[in-house]
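K.L.:
Protein sequence lines correspond, in order, to chains L and Z.
Counting from 1, one number per residue, gives the positions in the first sequence under our numbering.
Counting from 328, one number per residue, gives the positions in the second sequence under our numbering.
Quick caveat, the hints were computed from the structure, so don't treat them as lab data.
Bear in mind that the values here come from a model prediction, so they are computed numbers and not experimental data.
Where is the CB? At the ideal position from N, CA and C, for every residue including glycine.
There could be a bad hint or two in this list.
[Stated by the list, open to error] Result set (SDA-like, lysine to any residue): computed pairs, CA atoms no more than 25 Å apart in a straight line:
#1 Lys534(Z) to Thr6(L)
#2 Lys635(Z) to Val564(Z)
#3 Lys556(Z) to Thr521(Z)
#4 Lys381(Z) to Lys217(L)
#5 Lys381(Z) to Glu268(L)
#6 Lys97(L) to Glu563(Z)
#7 Lys217(L) to Arg259(L)
#8 Lys410(Z) to Thr6(L)
#9 Lys381(Z) to Arg10(L)
#10 Lys410(Z) to Leu253(L)
[What the hints assert, rightly or not] The following label-pair restraints were derived from C-beta to C-beta distances:
#11 Phe4(L) to Glu589(Z): 20 to 26 Å
#12 Thr593(Z) to Glu192(L): 42 to 48 Å
#13 Glu242(L) to Leu661(Z): 58 to 64 Å
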Amino acid sequence: MADFRTSTHRAKWIFTPQALKEKYKEANKRAKQALEKYGATRMEVDVDGSFSYAEPQSDAKANADKHSRPKALKTEEEQLLRAFYEFKIQDVCDAFKFPRKIQATALIYFKRFYLQWSVMEHHPKNIMLTCIYAACKAEENHVSAEELGKGIEQDHHMILDNEMLVLQSLGFDLIVYAPYRPLEGFISDLQESGDAKAGHSEELKSLHESAKAEVDKIMRTDAPLLFPPGQLSLAALRRSCELHKTIDFERFLKSVHSRQHPAHGTSELNVSMNAIDGLIGKLETPTSKDVKHIDRKLKSCLDPTSHEKSKKRKHRSKESSSEMHDM
Amino acid sequence: MGDGRVSNSGSGGKPEWLEQYDVIGKIGEGTYGLVFLAKIKSNRSKSIAIKKFKQSKDGDGVSPTAIREIMLLREITHENVVKLANVHINHTDMSLYLAFDYAEHDLYEIIRHHRDKVNQSINQYTIKSILWQLLNGLSYLHSNWIIHRDLKPSNILVMGDGEEHGVVKIADFGLARIYQAPLKPLAENGVVVTIWYRAPELLLGAKHYTSAVDMWAVGCIFAELLTLKPLFQGQEVKGTPNPFQLDQLDRIFKVLGHPTQEKWPTLVNLPHWQSDLQHIQGRTYNNAGLYNVVHLSPKNPAYDLLAKMLEYDPRKRITAAQALEHEYFRMEPLPGCNALIPPQPGEKVVNYPTRPVDTSTDIEGTISLQPQPVSSGNMSGSMAGPHVMQNRSMPRPMPMGMQRMQPGIPAYNLASQGGMGGGVNPGGIPMQRGVAAQGHQQQQMRRKDPGMGMTGYPPQQKSKRF
């Protein structure tokens, strides 16, 4: 595909750790301010395409004055919630048996989206599904929103409603580079390297499989926003080699590297791979129990009235569905 | 990209982005949607072609064709490829508007002008320059693993008067594909390429095809530039689910002779050759000879290049990069940047007509599809243009071209910082409260209607799955 070196991915979507932190903080701050100002953080897309915070009901305003204003999410809580839904993306994609490329694309879309927005502004459940939907379109594996919605028992209209928002927030930079393909390249390099041990195709196959599983993990960290896909795949391969202990990764790395950059050592690459390792080490896979309280908090931020009303109308289920819109 | 300023003027449905343009009228129509010619108000000398994509037919969100075209154009920059200046969004019907710099001419019109109006062939300098630039753009695309898949004269634009006068621009990437590791065989995505320019391997049902299909199309276009007639003008059988078109193959074989396994070893593996349902193998062809059809001596380098483009075996077919090195381009007249104006004084310059504009279709009428009175502010004042014709219908698909972005167009700025905007406001998206201009009430209602899709979350227990 188009060349990574001239890609929008490389030019615009690889950040420093500091820049990333700033963005998360900024989005969080903005949503917090909105909460203080309007009593809710949920953003609505108006018919004319402008965005506005949802108009709180007057009784909610009154409530807010009575110290019952919802508490904003902390950046760490946002992060945990994102991690939860990123895991869900892999879950859903597995359930649909989508290729890993689609999974990776959806994850990258999701990550990029939440560089612009706080989870308090757009519920990650909606954005998660919309990212999967958009990834399918971009990756030539079109699945209708209805089909996608049905498969996971979600209302597909929500996907369609958020599609343009997601595309726009991604700046229409929809071609993304996943680490799976460079990994394939490295595996075939290994095969050709004549390494006696690597020569066994069985061994190589299982090395590849475990490296893919490592990439799956990497895709849920911040690493895809910090490093190019080639480095991500090398880090995954290194971890896989450590597991298998049959292949001398250092030797392989040197041989690959010297072919491309004969003048340079591999120390820079090692720094990157160590950093990626560190991120995998810190990777959290929160369960729904872990995020339950955050989700409750989020609901009241998004729309303080929904909480009140759902209490009042607990037994009137027919109406509750319309009350629950936008969570 | 994307229009960072998606806010509305609030004055009854006319989106703010439209304010920067004076829309002159419709210049094209295709299955994907409509194309309008517009001038930029701040720079009246600057013309823009605005391509409006229809919503995808099944109500399945943003048109995949539009998405494909935008995402590819975002990644590529080349002087012989149209450049996307801006993307605008109409949120009322979720349609996309792509703004390109306007190209006054295209090969379809140029060829037609020579055939029907001036009744003389296109001069050799112009043909060679067009072909060279076309190959130059294509070589770039192919080196970026992009197959265009729908090259035809109407998709090859030529810039009119101005800085880039006579520069060729490849347009219309709605069918283009990245061909690295396709998730499914490319052919499954629907049949491609207008049949006259369709490569034989496609006609015979090849599942995995390559950039060579574009080179076949270039060969057909080259011949058409020489003779002013489509080279293989087959009758299309509409509505067949597969790409097999007997008449088209028949036309090709009549000129080039039967393909043989000797010349094209993988021929026997192609589904429609193998099954031979229509007895194409059994027919006999008196090889008319390509040189007779294009009136070139077999010794002429132009003929040699053409024959290499029309090689049956896609693996032997000349590539764009190889074609650029061909002897034809090294002999006089040498190809130039302005394909329309030969550098030698005394050469006759053809004045090509400007594109007809249909002023009866108002872009705004197509913008607001809401069942409510559309804005009062129509596009009056922008109707007067020098080349305006009333009510011309334009049946054929219309491409548009584009060059450098002009200063003053707030293009691409949404994402230009990779993070879309610092500040409190992502992408400079206005976040005003209670925008509610009166006209919106009805639309608001529609949005709240569960049937319209904004609402109706399933009851909570289901959402527990996530």
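K.L.:
Which of the stated hints cannot be reconciled with the structure, identified by number in ascending sequence?
P.N.:
As far as the earlier hints go, 1, 2, 4, 5, 6, 7, 9, 10, 11, 12 are violated by this structure, in ascending order.
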